[in-house]
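Taken in sequence, the protein lines are chains A and B. The opening position of the first sequence corresponds to residue 1 in our numbering, with each subsequent residue numbered one higher. The opening position of the second sequence corresponds to residue 110 in our numbering, with each subsequent residue numbered one higher.
Don't take every hint at face value.
[Claimed, not checked] So, partial list: chain A residues that the calculated Cβ filter (under 7 Å) puts toward chain B:
| id | residue |
| --- | --- |
| 1 | Ile-15 |
| 2 | Gly-16 |
| 3 | Gln-17 |
| 4 | His-27 |
| 5 | Asp-30 |
| 6 | Pro-56 |
Just so you know, the hints here were simulated from the structure itself, not pulled from any lab data. Here a beta-carbon is modelled for each residue, glycine too, at the ideal position from N, C-alpha and C.
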Amino acid sequence: MSSTESLVERSLGPIGQIPLGEGRAFHVADHHIAVFRLREGGLAATQADCPHRGGPLADGIVGQNSVVCPLHAQRFALATGLAEVGDCDISVYPCRIDAKGDIVVTIPA
Amino acid sequence: MTTAQLGDIREDGSATATRRKLVVIGNGMAGARTVEEILARGGGELFDITVFGDEPYGNYNRILLSGVLSGQSDATDIFINPLDWYADNDIELRAGARVNHVDREAHLVHADDGSCAPYDKLIVATGSRPFVPPIDGVMNGHGPRPGIFVFRTIDDCSAIAHYAQSCSRAAVIGGGLLGLEAARGLLSHGVEVHVVEAGPHLMGQQLDAQGGRILARTLREMGIGVHCGAATTAITGDDHVTGLTFKDGTHLACDMVVVAAGIRPNAELAAACGLDVERAVVVDDQMRTQDPDVYAVGECAQHRNMVYGLVAPLWEQAEVLADHITGTDLSAAYEGSKLATKLKVMGVELAVMGIKEPEHDDDEVLQFSEPQRGVYKTVILRDGRLVGATLLGDVSKVSYLTQLFDKGTPLPEDRLELMFDLGAPVAAVPVGALPDDTQICNCNGVSKGDIARCASGGALSVGAVMKATRAGTGCGSCKAQVEEIVTWAAGGDLVEDPSAHYYVPGVPFPKAELVEQIRRLDLRSASEVFDALAGGRDDPASKMGLTSLLRTIWGPDELGDERDARYINDRVHANIQRDGTFSVVPGISGGVTSADQLRRIADVADKYAVPMIKITGGQRIDLLGITKEDLPRVWKDLGMRSGHAYGKSFRTVKSCVGTDFCRFGVGDAISLGVEMEDRFKGLEAPAKLKLAVAGCPRNCSEAMVKDVGAVAVEGGRWEIYVGGAAGAHVRKGDVLCTVDSHEEVLQITGRFMQYYREHARWLERTYAFVPRIGLDELRAIVVDDRDGIAARLDAEMQRTIDEYVEPWQTEAAAPVTANQFAAPIAMSV
Ligand code: SRM
Ligand SMILES: Cc1cc2nc3c(=O)[nH]c(=O)nc-3n(C[C@H](O)[C@H](O)[C@H](O)COP(=O)(O)OP(=O)(O)OC[C@H]3O[C@@H](n4cnc5c(N)ncnc54)[C@H](O)[C@@H]3O)c2cc1C
Ligand code: SF4
Ligand code: FES
Numbered sequence: 001m002s003s004t005e006s007l008v009e010r011s012l013g014p015i016g017q018i019p020l021g022e023g024r025a026f027h028v029a030d031h032h033i034a035v036f037r038l039r040e041g042g043l044a045a046t047q048a049d050c051p052h053r054g055g056p057l058a059d060g061i062v063g064q065n066s067v068v069c070p071l072h073a074q075r076f077a078l079a080t081g082l083a084e085v086g087d088c089d090i091s092v093y094p095c096r097i098d099a100k101g102d103i104v105v106t107i108p109a
Numbered sequence: 110m111t112t113a114q115l116g117d118i119r120e121d122g123s124a125t126a127t128r129r130k131l132v133v134i135g136n137g138m139a140g141a142r143t144v145e146e147i148l149a150r151g152g153g154e155l156f157d158i159t160v161f162g163d164e165p166y167g168n169y170n171r172i173l174l175s176g177v178l179s180g181q182s183d184a185t186d187i188f189i190n191p192l193d194w195y196a197d198n199d200i201e202l203r204a205g206a207r208v209n210h211v212d213r214e215a216h217l218v219h220a221d222d223g224s225c226a227p228y229d230k231l232i233v234a235t236g237s238r239p240f241v242p243p244i245d246g247v248m249n250g251h252g253p254r255p256g257i258f259v260f261r262t263i264d265d266c267s268a269i270a271h272y273a274q275s276c277s278r279a280a281v282i283g284g285g286l287l288g289l290e291a292a293r294g295l296l297s298h299g300v301e302v303h304v305v306e307a308g309p310h311l312m313g314q315q316l317d318a319q320g321g322r323i324l325a326r327t328l329r330e331m332g333i334g335v336h337c338g339a340a341t342t343a344i345t346g347d348d349h350v351t352g353l354t355f356k357d358g359t360h361l362a363c364d365m366v367v368v369a370a371g372i373r374p375n376a377e378l379a380a381a382c383g384l385d386v387e388r389a390v391v392v393d394d395q396m397r398t399q400d401p402d403v404y405a406v407g408e409c410a411q412h413r414n415m416v417y418g419l420v421a422p423l424w425e426q427a428e429v430l431a432d433h434i435t436g437t438d439l440s441a442a443y444e445g446s447k448l449a450t451k452l453k454v455m456g457v458e459l460a461v462m463g464i465k466e467p468e469h470d471d472d473e474v475l476q477f478s479e480p481q482r483g484v485y486k487t488v489i490l491r492d493g494r495l496v497g498a499t500l501l502g503d504v505s506k507v508s509y510l511t512q513l514f515d516k517g518t519p520l521p522e523d524r525l526e527l528m529f530d531l532g533a534p535v536a537a538v539p540v541g542a543l544p545d546d547t548q549i550c551n552c553n554g555v556s557k558g559d560i561a562r563c564a565s566g567g568a569l570s571v572g573a574v575m576k577a578t579r580a581g582t583g584c585g586s587c588k589a590q591v592e593e594i595v596t597w598a599a600g601g602d603l604v605e606d607p608s609a610h611y612y613v614p615g616v617p618f619p620k621a622e623l624v625e626q627i628r629r630l631d632l633r634s635a636s637e638v639f640d641a642l643a644g645g646r647d648d649p650a651s652k653m654g655l656t657s658l659l660r661t662i663w664g665p666d667e668l669g670d671e672r673d674a675r676y677i678n679d680r681v682h683a684n685i686q687r688d689g690t691f692s693v694v695p696g697i698s699g700g701v702t703s704a705d706q707l708r709r710i711a712d713v714a715d716k717y718a719v720p721m722i723k724i725t726g727g728q729r730i731d732l733l734g735i736t737k738e739d740l741p742r743v744w745k746d747l748g749m750r751s752g753h754a755y756g757k758s759f760r761t762v763k764s765c766v767g768t769d770f771c772r773f774g775v776g777d778a779i780s781l782g783v784e785m786e787d788r789f790k791g792l793e794a795p796a797k798l799k800l801a802v803a804g805c806p807r808n809c810s811e812a813m814v815k816d817v818g819a820v821a822v823e824g825g826r827w828e829i830y831v832g833g834a835a836g837a838h839v840r841k842g843d844v845l846c847t848v849d850s851h852e853e854v855l856q857i858t859g860r861f862m863q864y865y866r867e868h869a870r871w872l873e874r875t876y877a878f879v880p881r882i883g884l885d886e887l888r889a890i891v892v893d894d895r896d897g898i899a900a901r902l903d904a905e906m907q908r909t910i911d912e913y914v915e916p917w918q919t920e921a922a923a924p925v926t927a928n929q930f931a932a933p934i935a936m937s938v
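Looking at chain B on its own, in the form it has when it is part of the complex (with noise of 0.2 Å):
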C-alpha cells in the first residue's frame, strides 16, 4: 500500500503532516458502518484508522440476533464485516479492547488492555447498554445473578441458550421489541415462555391498545405466555431463579430471566471527558460534539433532542458524518430521521410510521383490525396528510404509505386505497417512480438508488447484487422489492442474462432444445452432456438437474447412470439433515397405514434408537436422525417401500376418509387417493409432485392447493385440480376438467404430469408451470387433446410406472456403489 500521499511536500515547500490518525470507539453497527462510509469517500487514504471494540469480535448485524438465539442462524452467518476486512482495509481492530478514558487535551484515548492511541479526529459509537430496572433480586454485586439475563450481545445470546437447556419456564421482562425478539429466540430451546409488560400493552412505543392487544393474541397462539399490566418487583429465588413476584402480590414461576426492559446509552465515557451529555451524547447536524475534533453517531449520540433506538437513522447519520470528516460535503447536515420503520415480530411484520394514535380532535382515523389473522391497521390523517400509519400482520401497503408519509404527496379519493388494494392494484407505486433515498433494505440500511446503481453498475444477478449491497440479506422482508428494482434497473439497457432461461446453468440450452440435442446426439450422461454441449465443463450445479432429465428421456434402463452427478440425496435414497444424518419417510400410499406397519416402525425406532419420529406434513411418518450406515439395515427390517421424500419426484397422495366413514363423503377418496399413490410413486419430475384426494368439496386433505389434486363433487364426480400450492408459494389449484371415475382420474392426471415432466424447467413446481404455459392451453392438450399427443403422453406414463424400479429394498440387498452407505472409513495408524 502507499502511504501518505497527503504527507507529501507542499508546493510551497511546507510539510504536511502525514495522515491523520482517526479512532473510533465501538465496533458495533454505527461505529462499523461510519468507517465504511468512510472508505467509501476515499478515507483510507486520509486516515491511519484505529477501532476500539469491546466485544472480542468484528462487527455483526446485531438485529439479526434472535436468530442466533434460537439457533436459526450461527453467530457466523450474522456477521457484516469479519476480521480479514478490517486487515484488507489497513484499519487497526482492537477487538476486546473497552476504552475507558479519553484524554482530550493530549488527543488520547486509554483502554483497559493498557493500550492507548493518539487521535486527530475521534468518533464515539459506543451505542447503548440494556437498562435492568432496580428490581429485588436481579444483582448479585457487579452484575446480574445467574439465571438472570440481558439480550444485547453474540455471548448473551450464548449465556441463554446455554442456560436454558437446563430450565423449563422462561420469563422475559418487557414486551417491547427487544423482548418479543428475545421470547422468539427461546421458544425453540423448548421452555415455555412468559413475557411480562408492566405498561398496558405489548409495544406500547410502537402500537395502540387494539394492535398490542392483537399481537398478544397472536403471540398465545404460539405458544407464548403474556401477562401484561405486570410490574416486576422482585426476582425470587435464592442460589437459582424461582419466579417474579408482582406489584399486585402475585406471582410467576420460572427458573430463568431475560431482563428485556429498555436500554440506556454508553455516555459516560463521553461525559467524564467533559463533554455535553444529556439523555446522550450531545451532538450537532454534522454528528459533532462542540469539540470539533470529536463525532458521535449511533444509539449513544442525541441530536436535536432525539436520540433513536433502531438502525435506520444511524444509517443516515454515518453517511452526514462521513462525508463532513472526509471533506467530501462538508455542508452534508442530518435533519433528525422520520421514524418509518419496517419491523419483523416473531415473524409478524410490522411497519410504523409517524404518530400511532390521534394527538388533535380533527385528526382523522381510519382503523381496520382482524384479530383472527393477527392483523390490525391504523391510518391517521390531518390536513389531508398522512401522518401516521401502523400495519400488523399485513405490511403489503407500506411503499406506499411511505411514499405519503415521506413526501407529504396528496391522499387518494378513496381513503379505502391506503389500507387495502382495491381492484386493479393503482395504488402500488412502481419502483422507477420511487425517489433514490428511500430505503429499501432496512436491517442493512441500503436505499433504492443504492441497489440501481449497483445494477447498472453490472452485478448481473440478483444474487450479485444482493451479494454486494447487502439488501435482503437480513430478514428478508424486503427481498421482493429488491428483485422488482434490480429488474427495472437493468431494463432494457442491459442485455438479459440469457443464462435465465436454460435448463441447468452450464449447459446454454433451453429445455425443448436440450432434449433435441440429447436425443439426436444420443447422450446418456451427464458427463457426455458436458462433453458435446458444454465444451466439457462439468458445472456441479447442473448435474442433479442433467440426472434427472436424462432417467425422465431415456428411462433408468437404457441410461450410462452416473451415480456422482446425482445428489447425495438420490445416491442414498434419503434426505440429507443439518447433521449429516438422514431421515426415512416410508411409502404409506394415501396416508393409509395398519398395525403391522406401525409396529414395524416401532420396532425400527427401538432398535436403531431413532432421535424423533414425526408424523409428517405429508400423512406419513418420519424417522429423522438415521446414520448413514444404518440406512440398509433400517430399510431391510421395515420391509417397506421407499416414500421418496428426498427428491424431485412425486411424493404423497393425501386423503381423506371419504365415502368410507365421512358423513358428508360423496367420494371414495381413501380407494383413490391409495390408487393413485401406488401408480405414480417415486416419478421423477422436475420438481416435487405432492397430491391429495378430498371426498368432498369441504377439501380436508387440502386436494385444491396440492400440485394435482382430486376433489369429489355431488354425482360421483371428481374435479381435478392443478397447480396448487401451499408451501413458499400459497395458490389455489385451477380446475382442469371434471371426470366421472377413478380410471379418467387416473388418466387425465397422468397425462398432465407426463406433459409437466416433458415441458417444466428444473425445479419448476406446477404452481409456475400451470400460470406460465395457462390453463386453457393445458386443458386443450391434455383434455382435449388438440395436439394429438395424449395417446404418447399416456403411453410414455405407462412405460416410466412399468420401468419403476423401488430403491431401498434393492440397493439394500445390493449396494451400486464401493462404500455407497458407509461410514467415514477409520485407518489404524
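This is chain A alone, in the form it adopts within the complex (with noise of 0.2 Å):
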C-alpha cells in the first residue's frame, strides 16, 4: 500500500468469530482478507489467496508468526507478508481488535 492511497478502518466483527490460533476469510469492500487469530495475542491480517497458485490462506497452519499455506506449504511471515519458502510476496494489512471486542482492519478505500 502506498501512503498516498487514503486508507480507511472497517470493523470486521466480533474477534469471537475466529478461534484462537487459527484464521478466517473476510470479504470486505472488494478485498478478500485472511485474519488470524495469534496464540501470542493480537491479530493479523493478509491477503486471503496465496499468490502461488490461489490456496486459501486462511485454512494454513499458524506458527513463528508466520502461515503455511495449506496446498504447496508456501510460507509468509505475518507481520511483513515476506515470503519465507516461495518467490512472492504477500499484502499485509494492519489489524487490531477495538475497545468493544471488534476485529478492525485497515484496508485501502
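Please assemble the complex out of the two chains, which come individually in their own frames, going by the hints.
Listed below in C-alpha cells is the structure:
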C-alpha cells in the first residue's frame, strides 16, 4: 500500500468469530482478507489467496509468526508479508481489536 | 552498486573505456544461461548487459512446456529467472522487443519497438521456430489459420489449451519428441488425441523401427491414436478445421491441429547483417562468428557442421562462450557434444546415446524387447567399445552406459551386464567414481561437480542443494542420483544434519525420547510441547505431527485439543483440493455397499450439484468439489460415517468376493474385510494405513502390496502381509505369519499396527518401517512376544478403538470451533 492511497478502518465484527490460533476469511469492500488470531495475542491480516496457486491462506497452519499455505506449503511472514518459502510476497493489512472486542482492519478505501 | 572499476584511470595515465556494452538477442534457454555463466565469471563488473527477448516474460524452461499445456504446472512454475532477477543483477531486459536489424558497422541493434542499443560485444541466441511444412490449408496469409497451432512458447500453450475446450478431437502432425510432448499435454484437455507421423515410425531421430513400434504400443494403451507413414497433404475445412487428408487419399477427422514437424533455426537476422549462415549461424570453437565481436549460441548456432535441438549441448556452449568473452579462459574450446540424452516422453523414460542402428557389418548389436511392459533396449558395440545405446521404458542402466560411452572404457566380460543388473549391483557406478563433469540433471544442465561443490560448500540438505543448483527440479528423473551425490559429497566431513532424526523438525528429539519427555512432563498440547521442549518456538511445520503423536499417546479424551495445531483436513474432516474445495469419501467397509447407500449418495450428489462422483482406488466413492460450508449438510444427508480419506490414519480395507462367490475362494474375504475395517476405522497413525483382504493367492484385492494384508490360503488359514506398497513406492509385503482364524487376523494385525503407531517416524509408511525394523525383529515382538509387550499392545489398541468418535455426524450436529465450516465471511459496507 503506498502512502498516497487513502486508507479506511473497517470493522469485521466480534473477535469470537475466529478461534484462537486459527484464521478465517473475510470479504470486505472488494478485498478478500484472511485474519488470524494469534496465540501470542493480537491479530494479523493478509490477502486471502496464496500468490502461488490461490490456496486459502485462512486454512493454513500458523506458527512462529508465519502462515503455511495448506496447498503446497509456501510460507509467509504475517507481520511483513515476506515469502519465507516461495518467490512471491503477500499483502498484509494493519489489524487490531477495538475496545468493544471487534476486529478492525485497515484497508485502502 | 559501484560502477566502472575497469573504467578507472590506468597507472600509465590512459583512460580506459567505461564498462563495455554486451547485448544479447534472445532471452531463451541459451541466452539466459549464457548470461548466468557470464555473471558467474564476474561479468557483471565487466559489462553493462542488455537482453532483448521477443517473448514478454522473464526466462523460462521450455522443456517443461508440456506440463504447462497439460495444466500440471502453471506458467509461473517453469520460470528459471523471473523479472526480478534481471533487476537484481543490473541487467536491462527488454522483454517483448524483437530485434529486427543489426548494424555491425555502427555496432548497434535495432528493435521493432523503435528502441536501439549499442554494443561492444553481441551474442545471438535467437533459438529456433517451429517448421510448418507446406500443407494445403495451413496458412492464411501471415500465420497458421484458426484451429491450427504450433508448440514452442508459453503463449502457444495458452492458445492451444483455450481452443481445446471447444474441441473433441485433436491431431498432432509430427511423431517426434515435440509432437509427443504436445500430445501428452493435450490429453488432459479431454480431447481425443491422434499423432500423425509421415515417417515409418515414431521418434525416428532417436529410435529404430522396433523401438518406435513399442513406443507406439505404449501410447495406444494410453488412449492416443498413432498413425505412422501418414504424410499429411491438406488440412480441410473452411472457417474451422474438419480434418487431415493424407497422401494415400485417406482422411482423419479432427477439429484442431498442432503442427510439430520440426524446427528451423532463427538465423535470418544474422544472415541479413552479413554473418556466415549455412543451416544456422556458423561459429568456431569459441562460439564466435566470423566477426570477433559477435557470438552465437544455442539452437541458432552451427558448430562443426552440427546444429543441436536439445538443451544439453547449449549448457556446454554457454560455458565456453562465457569463459571466452570474460577472458576467464581464452583457450576454452567447445568441441561439440557427444549426444547422450535422457528424455521423458509422455511419462515414458527414454535414454539415447551415439548411433541408433549398426553402421558397419561387424558392429555387434544386443537387443532386448518386452513390448508388454513397453521396454526396449539396444546396445551397439564396435571394437569392444560402446558406440550407441537406446533404452526405452527402463533406463536403470543409463549412468553406467553413459560412462562407457563417454569415456570409451572397456566393456564387461558378461555383455548382459550392459542391459541388466545381474545378481548384486556390480555394474552400478558408485557416484564417487563419476567424473565431475558428468551431467546429472539434463533439464537444467547441472553436473555432478556442481552438485558436489554445492553440498560440500555447506548446503545442508538435498532440498537446499536442489534449490541452489536447480538439479532435480525439472522432470525429476534424476532426483535419486542427486540425493546420492549430496550424501556422498557431504560424506563424513560434514556434520550430519541432526534434525534428520527428529520426529518433527522443530522439536529436537527423536520419537522415543520425545514420547518419554511428553509423558514425563505430562504435556497435553502442541503449545505445551513447544514451550517445554523447543524454547517456545512454535514451528508450524511440526504441528501436524505433534498433534498426531499427542492423540496417540493420550487418546482424544485426555487431550488439551488445539484445533489450530491440526492441518486443515483434520479440522474439517475432508481432503482439501486444488481449488480450496473438499472431497467427501464416506466409509464403505470392505468395499461392500447397498442400494440404500448408493441412493443416498446419488441424492446428495444431485442436491449439492456435486461436480464429480468417482469410484476410488480404495473401493469406495468420492464426492469431489464440495465447498467447506456444505460439508456438514452433506454428511447429515448421507447419514454415513467418515471414510477418513484425508488424515494420516487407517483408510480402507479392500476385499475381494472370496468364498461367497468366487469359484477359487478359500477364505471369506468379504466378512473379514468388513470386520477389519469396522474395527480399525479412523485409527490415527504416523502415516496412512491401507489394508486389503484377498480370498486366495490370486490376490485380486492386492493384499500383498498393502500396508497390512490378509491372504487366504488352502486349509482355512490366512497369511498376514506387512509393509507392502503400490503407490509412489512399490514393494511386495513380507509374510509376518500365518494364522487360522479371523480373530487371530484381527489380533495380530491390530498388534502390528499398534507397534507401528508407537515406533514409526512421522510420515513413515510401513513400506519403510518394516525394512527399517526388520521382519525377524517384528515377528519376534508381534508374533512370538519375545519382549512380553503383546498384551500391552493389544490393550492399547483396544482402548484406542473404544475411544473412537465418528467425526462427521458428531461435528455436523455440533461444530467444535467458531465458523468451523464457514464460507468467507462477507461484511456489508
Ligand atoms: C481418491 C484417490 C484416487 C482415486 O480417485 O482413486 C486418491 C487420492 C489422493 N491420494 Fe491416493 N488416492 C486414492 C488411492 C490411492 C491408492 C490405492 C489404494 O488405496 O489402494 C494408493 C496406493 C497405495 C498406497 O498408498 O501405497 C495411493 C497412493 C497415494 C500416495 C503415495 C503414498 C506413498 O507413500 O507411496 C499419496 C501421497 C502421500 O501419501 O503423500 C497419495 C495422496 C493422495 C491425495 C490425498 C493427495 C492430496 O494430498 O491431496 C489425493 C487426494 C485427491 C483429492 O483431491 O481428494 N495417494 N492412493 C484414492 C482414494 C482411495 C480411498 O478410497 O481412500
Ligand atoms: C515443447 C518442447 C519440449 C522440449 N523438450 C526437450 C527435452 O525434453 N529435452 C531437451 O533437451 N530439449 C527439449 N526441447 C528443446 C529445447 O527447449 C531447446 O533446445 C532450447 O530451448 C534451445 O534454447 P535456445 O535458447 O537456443 O532457443 P529458445 O529457448 O527458443 O530461445 C530463443 C529465444 O529468442 C527469442 N528471439 C528469437 N528471435 C529474436 C529476435 N529477433 N529478437 C528478440 N528475441 C528473439 C525467442 O522468442 C526465444 O525466446 C524442447 C522444446 C520444446 C518446444
Ligand atoms: S495419483 Fe493420487 S495424488 Fe496423484 S493426481 Fe492422482 S489422485 Fe492426486
Ligand atoms: S497455493 Fe499456496 S502454496 Fe501453492
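Hints the structure fails to honour: 1, 5
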